[in-house]
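> Sequence:
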Amino acid sequence: LNTVIIGVIVFKIASSKKQIIGVVVGLIGTYLLIDGGIQLNPDQNYLYAGLVILCSFLYGFNVNIIKKYLNDIPAVTIAAGHFSVIFIPAIIIFSFSGFNTDQVYDPITLKSIGYVLILSAFGTALAKVLFNKLLQISTAVFASSVTYSLLIVSLFWGILDGELFSINQLMATVLIVLGVLLSSRSPRQSLD
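In this note's numbering, the protein residues as written are 761 to 952.
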């Protein structure tokens with residue numbers, strides 16, 4: 761939703777009615793999926809949802825900037841730029857994290873670091889490159905709507921971890937997929 765709002769207000773990029781309906785349907789599905797999780801797992805801390813709202817606002821800027829100004833830049837280069845920007849803050853945070861060399865050589869820690877590196881390379885980095893490519897070949901609304909499906913992936917990881925799953929969450933998942941399909945229907949045009 762923030763992608764559409766920021767696209768119209770800041771970047772003067774129009775969205776079709778079907779795209780807006782698709783985004784709203786996906787948003788409703790997302791709310792229902794999260795609410796279903798709250799009902800089934802009430803002991804978790806859901807106050808961090810405010811950070812998700814802030815992230816979605818910043819994400820709306822990110823997607824529209826890439827679509828409007830970086831469309832001719834290779835997807836790998838854009839991803840490398842993103843990771844370059846966060847590298848220095850990540851190193852600073854890491855240096856104050858208490859992670860020391862004694863811990864590094866522990867076999868369990870080494871195994872954990874290996875899994876984090878695999879997840880970083882094949883999860884985050886590859887997904888970022890593929891997302892940037894998707895953004896270049898489609899619309900910003902569709903590409904950002906596809907990220908609603910991340911909730912579905914998270915849901916299945918939760919099920920594998922033993923979290924409860926309800927029929928309402930299944931229906932919410934169907935709404936998310938429907939929203940993504942609706943948002944992919946028609947291209948955006950500039951308001952200029």
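One thing to keep in mind: the hints can contain errors.
[Said to hold, decoys possible] With a straight-line cut-off of 25 Å between C-alpha atoms, the simulated DMTMM-like cross-links for lysine to aspartate or glutamate are:
id : residue 1 : residue 2
1  : K772      : D866
2  : K888      : D832
3  : K893      : D803
4  : K871      : D921
These are computed hints drawn from the structure, not numbers from a lab.
Just so it is clear, the structure is predicted and the values come from calculations on it, not from any experiment.
> Now tell me, hint by hint, if it's right for this structure.
We went through each hint and held it up to the structure:
{"no.": "1", "hint": "K772 <-> D866", "verdict": "violated, 54 Å"}
{"no.": "2", "hint": "K888 <-> D832", "verdict": "holds, 16 Å"}
{"no.": "3", "hint": "K893 <-> D803", "verdict": "violated, 39 Å"}
{"no.": "4", "hint": "K871 <-> D921", "verdict": "holds, 20 Å"}
Violated hints for the displayed structure, listed by number in ascending order: 1, 3.
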